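> Chain by chain, the residues run as shown.
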Amino acid sequence: MDEPINLVLFSGTDDKLQAAAVMTAGAAALGRRVNIFLQYWALDAFRKDRIATGRGLSAEAGEAGAALVAAAAKAGQSPWHETLRQAKELGEVDIQACSLSMDVLKIEEDDLDPLVDGVEGVTAFYINAGDGHIVFI
Amino acid sequence: MAATITRTVDARGSFCPGPLMELIRAIKESEVGDTIAVWSADKGSKLDIPKWIEKAGHTLVSLESKDGYDEIVVTKAR
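In order, the protein sequence lines correspond to chains A and B.
In terms of the working numbering, the first sequence has 48 at position 48, counting the first letter as 1, and numbering is strictly consecutive.
Numbers in the working numbering are just positions in the second sequence, counted from 1, shifted up by 137.
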């Protein structure tokens, strides 16, 4: 399998970022390349001054869902950014910030956590994605 | 005949896919022929890890349910 897996991360809530991190780690474990493109609220979540701050859950979680997620965290579940860090150690994971989202949110490259490898436009993302699947989260 | 376990990875505190990631790290650090046991309390890992072992070309030695966790034993084959 030569084609990479390509994830577009849009949502910045902890649950969706955790799901994306797990998808990434699994692909990295299988030796698949993973390209991640960060847009809007997901990009905002990768600001180095905010990455370790809880960002809440999707609305559908509700109170009961939030309690379950909090219990998993308390039981030692790695936060999403830690899972991503491990995935990067394990395999080939490239994380790029969407240049348009950078402009809209007034984020500079220096504002981003070192997990982010660079900034690119949507065309570069598609070129790197090749014929691999693209998943939008 | 049971292989001698070279190294045990206690990943019982990890959530999916943590135990697999810890196993892969241990395998990378091991020599061909080494046998590694991974302990996992996460329900997904006993399904995923054997599939990964097969795909990665290693040898599954055993998979055993213990008291509250699973022990998966693998020999590094390449």
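Rather than coming from a laboratory, the hints here were simulated on the basis of the structure.
Incorrect hints may appear among the rest.
Said to hold, decoys possible - Okay, the calculated beta carbon distance ranges per label pair: (1) A:GLY54 with B:ALA140: 43 to 53 Å; (2) A:LEU105 with B:THR143: 43 to 53 Å; (3) A:ASP49 with B:SER167: 20 to 30 Å; (4) B:THR196 with A:GLU92: 33 to 43 Å; (5) B:THR141 with A:LEU100: 48 to 58 Å; (6) A:LYS74 with B:LEU200: 37 to 47 Å.
What the hints assert, rightly or not - Here are the simulated DSBU-like cross-link-like pairs (lysine-lysine), alpha carbons at most 35 Å apart as the crow flies: (7) B:LYS203 with B:LYS183; (8) B:LYS183 with A:LYS88; (9) B:LYS165 with A:LYS48; (10) A:LYS74 with B:LYS183; (11) A:LYS74 with B:LYS203; (12) B:LYS180 with A:LYS74; (13) A:LYS16 with B:LYS180; (14) A:LYS48 with B:LYS180; (15) B:LYS165 with B:LYS183; (16) B:LYS188 with B:LYS203; (17) B:LYS192 with B:LYS203; (18) B:LYS180 with B:LYS192; (19) A:LYS88 with A:LYS16; (20) A:LYS74 with A:LYS16; (21) B:LYS188 with B:LYS165; (22) A:LYS88 with A:LYS74; (23) B:LYS192 with A:LYS106; (24) A:LYS48 with B:LYS203; (25) B:LYS165 with A:LYS106; (26) A:LYS106 with B:LYS183; (27) B:LYS165 with A:LYS74; (28) A:LYS16 with B:LYS192; (29) A:LYS88 with B:LYS203; (30) A:LYS88 with B:LYS192; (31) A:LYS106 with B:LYS188; (32) A:LYS88 with B:LYS180; (33) A:LYS106 with B:LYS203; (34) A:LYS16 with B:LYS188; (35) A:LYS106 with B:LYS180.
What the hints assert, rightly or not - Non-contacting residues of chain A with respect to chain B, defined by C-beta distances greater than 12 Å in every case (computed): (36) PHE10; (37) LEU30; (38) ALA52; (39) LEU57; (40) ALA72.
Quick caveat, the model's predicted, so the values are computed rather than measured.
In this text, a Cβ means the ideal position worked out from N, Cα and C, and glycines have one as well.
> State for each hint whether it applies.
Verification of the supplied hints:
A C-beta distance of roughly 44 Å is found between GLY54 (chain A) and ALA140 (chain B), which places it inside the suggested range of 43 to 53 Å. Hint check: LEU105 (chain A) to THR143 (chain B), Cβ distance near 49 Å, so the stated range 43 to 53 Å holds. The hinted window of 20 to 30 Å between ASP49 (chain A) and SER167 (chain B) is violated, with their beta carbons roughly 39 Å apart. Taking the beta carbon of each, THR196 (chain B) and GLU92 (chain A) are about 26 Å apart, not inside 33 to 43 Å as hinted.
As the Cβ distance of THR141 (chain B) to LEU100 (chain A) is approximately 57 Å, the hint placing it in 48 to 58 Å holds. The hinted range of 37 to 47 Å is not satisfied by LYS74 (chain A) and LEU200 (chain B), whose Cβ atoms lie roughly 29 Å apart. At most 35 Å may separate the alpha-carbon atoms for a hinted pair to count; LYS203 (chain B) and LYS183 (chain B) meet this at roughly 12 Å. With a CA separation close to 23 Å, the supplied pair LYS183 (chain B) and LYS88 (chain A) stays within the 35 Å bound.
Our distance criterion of 35 Å between C-alpha atoms is met by LYS165 (chain B) and LYS48 (chain A), whose separation comes to about 30 Å. Between LYS74 (chain A) and LYS183 (chain B), the direct Cα distance comes to roughly 23 Å. Compliance with the 35 Å bound is thereby established for this hinted pair. Taking the CA atoms of LYS74 (chain A) and LYS203 (chain B), the gap is about 24 Å. The hint holds against a cut of 35 Å. Note on LYS180 (chain B) and LYS74 (chain A): the hinted pairing holds, with a Cα-Cα distance of about 18 Å set against a maximum of 35 Å.
Restraint check for LYS16 (chain A) and LYS180 (chain B): satisfied, since their Cα atoms lie roughly 21 Å apart, inside the 35 Å limit. Only pairs whose Cα atoms come within 35 Å are accepted, and LYS48 (chain A) paired with LYS180 (chain B) is accepted, the gap being roughly 33 Å. Between the alpha carbons of LYS165 (chain B) and LYS183 (chain B) the distance comes to roughly 20 Å, so the proposed pair stays at or under 35 Å and holds. Between LYS188 (chain B) and LYS203 (chain B), the direct Cα distance comes to roughly 20 Å. Compliance with the 35 Å bound is thereby established for this hinted pair.
Of the supplied pair hints, the one linking LYS192 (chain B) and LYS203 (chain B) holds, its CA atoms being roughly 25 Å apart against a limit of 35 Å. For a cut-off of 35 Å, the pair hint linking LYS180 (chain B) to LYS192 (chain B) stands: about 20 Å separates their Cα positions. Restraint check: the Cα-Cα separation between LYS88 (chain A) and LYS16 (chain A) comes to about 18 Å, which is no more than 35 Å; the hinted pair holds. Restraint check for LYS74 (chain A) and LYS16 (chain A): the C-alpha separation of about 18 Å stays at or below 35 Å, so the hint holds.
For the hint linking LYS188 (chain B) to LYS165 (chain B), the alpha-carbon distance of about 18 Å falls within 35 Å, and the restraint holds. Taking the CA atoms of LYS88 (chain A) and LYS74 (chain A), the gap is about 24 Å. The hint holds against a cut of 35 Å. With a C-alpha separation of about 44 Å, the suggested pair LYS192 (chain B) and LYS106 (chain A) falls outside the 35 Å cut-off, and the hint is violated. For the proposed pair LYS48 (chain A) and LYS203 (chain B), the alpha carbon gap of about 41 Å is over 35 Å, so the pair is violated.
Proposed proximity of LYS165 (chain B) and LYS106 (chain A) is contradicted: the alpha carbons are some 41 Å apart, above 35 Å. Taking the CA atoms of LYS106 (chain A) and LYS183 (chain B), the gap is near 45 Å; set against the 35 Å cutoff, the hint is violated. Under the criterion of a C-alpha separation no larger than 35 Å, the hint pairing LYS165 (chain B) with LYS74 (chain A) is consistent with the structure, at around 30 Å. About 28 Å separates the Cα atoms of LYS16 (chain A) and LYS192 (chain B), which keeps this hinted pair within 35 Å; it holds.
Distance hint between LYS88 (chain A) and LYS203 (chain B) is fulfilled; the C-alpha atoms sit about 32 Å from each other, no more than 35 Å. Of the supplied pair hints, the one linking LYS88 (chain A) and LYS192 (chain B) holds, its CA atoms being roughly 20 Å apart against a limit of 35 Å. Among the hinted pairs, LYS106 (chain A) with LYS188 (chain B) is inconsistent with the structure: their alpha-carbon atoms are about 44 Å apart, more than 35 Å. A hinted pair counts as satisfied when its Cα atoms are at most 35 Å apart, and LYS88 (chain A) with LYS180 (chain B) qualifies at roughly 24 Å.
Restraint check for LYS106 (chain A) and LYS203 (chain B): the C-alpha separation of about 53 Å exceeds 35 Å, so the hint is violated. Proposed proximity of LYS16 (chain A) and LYS188 (chain B) is supported: the alpha carbons are some 26 Å apart, at most 35 Å. Distance restraint check for LYS106 (chain A) and LYS180 (chain B): the Cα-Cα separation of roughly 43 Å exceeds the 35 Å cut-off, and the hinted pair is therefore not satisfied. A cut-off of 12 Å between C-beta atoms confirms that PHE10 (chain A) is not in contact with chain B; the least separation is 23 Å.
LEU30 (chain A), annotated as away from the interface, has a beta carbon of chain B within 12 Å; the closest lies near 7 Å. No beta-carbon of chain B comes within 12 Å of the beta-carbon of ALA52 (chain A); the shortest separation is about 18 Å. With a closest Cβ-Cβ approach of about 16 Å to chain B, LEU57 (chain A) is found to remain outside the 12 Å limit, as its non-interface label requires. Taking the minimum C-beta to C-beta distance to chain B, about 7 Å, the non-interface status of ALA72 (chain A) is violated against the 12 Å cut.
Hint compliance for this structure: hints 3, 4, 6, 23, 24, 25, 26, 31, 33, 35, 37 and 40 are not met, and every other hint is.
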